[in-house]
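J.: Top to bottom, those sequences are chains A and B. Under my numbering, think of the first position of the first sequence as 383, with each following residue one higher. Under my numbering, think of the first position of the second sequence as 2, with each following residue one higher.
Treat the hints with caution; some may be incorrect.
Unchecked claim - Below, in silico cross-link-like pairs of lysine to aspartate or glutamate (EDC-like), each with a Cα-Cα straight-line distance of 16 Å or less:
{"hint": "1", "chain 1": "A", "residue 1": "K387", "chain 2": "B", "residue 2": "E106"}
{"hint": "2", "chain 1": "A", "residue 1": "K509", "chain 2": "A", "residue 2": "D491"}
{"hint": "3", "chain 1": "A", "residue 1": "K494", "chain 2": "A", "residue 2": "D529"}
{"hint": "4", "chain 1": "B", "residue 1": "K69", "chain 2": "B", "residue 2": "E33"}
{"hint": "5", "chain 1": "B", "residue 1": "K193", "chain 2": "B", "residue 2": "E78"}
{"hint": "6", "chain 1": "A", "residue 1": "K391", "chain 2": "B", "residue 2": "E176"}
Unchecked claim - Output of the computed footprint for chain B on chain A, the stretches with three or more beta carbons under 8 Å from beta carbons of chain B:
{"hint": "7", "region": "679 to 692"}
{"hint": "8", "region": "762 to 769"}
For the record, the hints were derived by calculation from the structure and aren't laboratory data. Glycine included, C-beta positions come from ideal geometry on N, C-alpha and C.
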Amino acid sequence: MQLLKIAFKNLKRRRVRTLLTIAGVGIASAVFVSLLGFQRGYKEALFRDVDKMGYQVLITAKGCPYEAATIMLKGGAGLRYMEEDIYNKVVSDTRIDKITSQLIQVVYDPDKNESRGGYIMILGVDKSMLDLKPWVRFKSGGWFSSDTSREVVMGYEAAELEQRLVGDKFFIRGIEGDFTVIGILERTGTHDDGTVFMPLHTVQSLFKLDKKLTGVGIKLKDVSMIPEFEESLYNVPAIQVISMAQVKGTILGLVQSAQVMVNAVAAIAVIVAVFGVINTLLMSIMERTREFGMFKSVGASGGQIFILILYETTLMCAAATICGNLIVLIGAKWVEWIIRITLPYAPYGNLVVITPEIMIVSIFGAIFIGILSGIYPALRASRLSPVEAIRREE
Amino acid sequence: MNIILNAIGITKLYQRGAEMVKALNNVDLSIEKGEMVSVVGPSGSGKSTLLNLLGGFDSPTSGRIYLKGLEISRMKEKELTMIRRKEIGYVFQQFHLLPTLTVRENVTIPLIFSKKRDNGQVDRILEVVGLSNRANHLPSQISGGEMQRTAIARALIHDPDVLIADEPTGNLDSEMAASIFNLFHSINRQGKTVLIVTHNLELAKGCSRHLHIKDGLILDIPLKNSV
């Protein structure tokens with residue numbers, strides 16, 4: 383039997399107190415792991431979403447550039463329109479590698495989501511979109527037969543949700559007539575999965591937005607040309623040029639500034655947990671004065687008692703952080719759900735990514751905190767005189 | 002004469018509030034190897050203080066204490082720890098067993114602290130104290146007398162020369178108390194020096210020597226006179 387076993391069995395003596403302390407540290411640990419997981423997951427998901435738009439530069443009508451970029455990322459109403467001429471003006475620029483124009487429309491359908499209502503995102507595109515998104519593959523069917531056909535290509539999830547197969551008819555509320563499903567895309571892990579694609583000219587005609595676009599996506603031959611390219615379009619009226627790197631940085635910056643507040647709360651949770659552990663240990667040590675006296679009377683050194691207490695805190699904190707990690711692993715989807723309903727823009731895919739590195743960091747972090755919070759109580763216990771225990775016998 | 006414990010002019014003062022209490026007053030005492038000594042006296046007379054000083058658990062305000070010729074009264078904590086690991090065994094009135102450890106595990110504790118392996122001595126000592134059949138029981142599953150036997154086994158596991166017991170039968174009924182005293186006699190017959198603080202004068206009669214403490218002074222007299 384070793385000191386570690388004594389420490390473990392000691393914790394079982396006051397089960398309720400030990401469990402409460404473990405719960406406190408475990409919750410702090412879960413908050414910490416969730417935050418780290420969110421930091422990583424959100425960034426990855428955002429970058430993936432933006433990168434999978436396929437372009438580095440976006441030309442939109444003047445307005446808030448980030449609002450425009452966000453709406454184009456997640457869909458939504460309120461976009462401004464620009465003239466199609468812009469596309470014709472820039473398309474011949476030799477710095478451009480690939481270019482595509484698009485028109486976004488969002489239609490509310492009260493019958494969607496089991497009559498709870500929902501939006502259908504319709505994206506008017508031409509075949510150049512496939513050049514910018516070479517990873518897009520058809521699960522079945524193919525591209526539109528013409529630029530003006532009444533056909534739709536459905537994203538993977540949109541097709542699943544609407545239960546449509548190639549050849550089926552598709553109806554859009556408020557629009558007369560039907561559309562034929564001509565193709566269904568494979569899953570991309572982006573907002574494209576929930577999108578219904580239509581020929582650009584069809585969308586312009588259906589929504590009476592002739593020669594209008596919501597954006598032009600551009601991939602340059604050389605990314606170092608982006609500032610220069612932006613500069614060259616600076617004086618073109620009614621448009622703005624947004625680099626997607628800026629969009630990433632700005633969205634991330636906005637989320638991170640909100641995160642500072644959350645991190646502060648998490649830091650307070652950790653501090654409270656530390657004091658909780660210290661308090662529990664100090665109480666335990668006060669109650670166990672005689673026990674430490676007995677230990678000293680049978681030959682324990684101050685150092686051994688110090689280590690015994692550190693073992694106890696370390697065991698408690700290790701158990702707590704393992705529980706905290708398990709809670710997060712089980713409850714990550716709930717955390718994600720809370721984040722999605724809280725944040726104005728949440729990218730597609732997993733927002734909370736718990737990696738082995740995060741778990742290892744949290745476990746070692748908790749053990750470090752355990753050791754840190756155990757030092758003072760352990761010092762007090764190790765300095766107790768054996769006579770303290772014996773005197774209380776009188 | 003083979004003196005194992007020798008106290009020369011020991012005085013112990015305690016601060017109790019604003020008052021200074023003299024627990025022991027210039028006491029001289031020699032104890033020979035193999036003696037079985039009872040220490041009796043009224044509550045607060047300084048019995049436990051004397052035991053704590055002789056066991057190296059406390060240091061005197063003045064005077065010197067020698068254990069096997071080594072002055073323990075001036076030793077540092079580290080040296081005293083080594084003395085406790087080798088030379089002294091201590092038995093408490095309240096047993097101080099760890100409730101989540103079995104009898105065997107409780108007895109093993111001193112070996113853990115002195116980083117020694119159990120080479121069968123735990124089984125041997127459990128047999129000596131008559132607890133072989135209770136080795137895997139928890140303290141809550143055994144009687145008061147058996148708990149005290151466990152505490153005695155724990156005090157003896159490292160084979161000390163001196164066994165100090167502070168009111169070891171204070172929490173036991175008369176039958177169990179007699180049984181524990183018999184155990185002390187048996188241990189004493191094996192050559193151990195035993196010092197016992199007790200209120201039980203009947204049991205103390207069996208000891209080879211009696212110290213009566215009163216007002217911080219030792220009266221080294223036959224027990225019948227002390228009574």
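J.: Identify every previously stated hint that the structure contradicts and give their numbers, smallest first.
T.: 2, 3, 5 and 6
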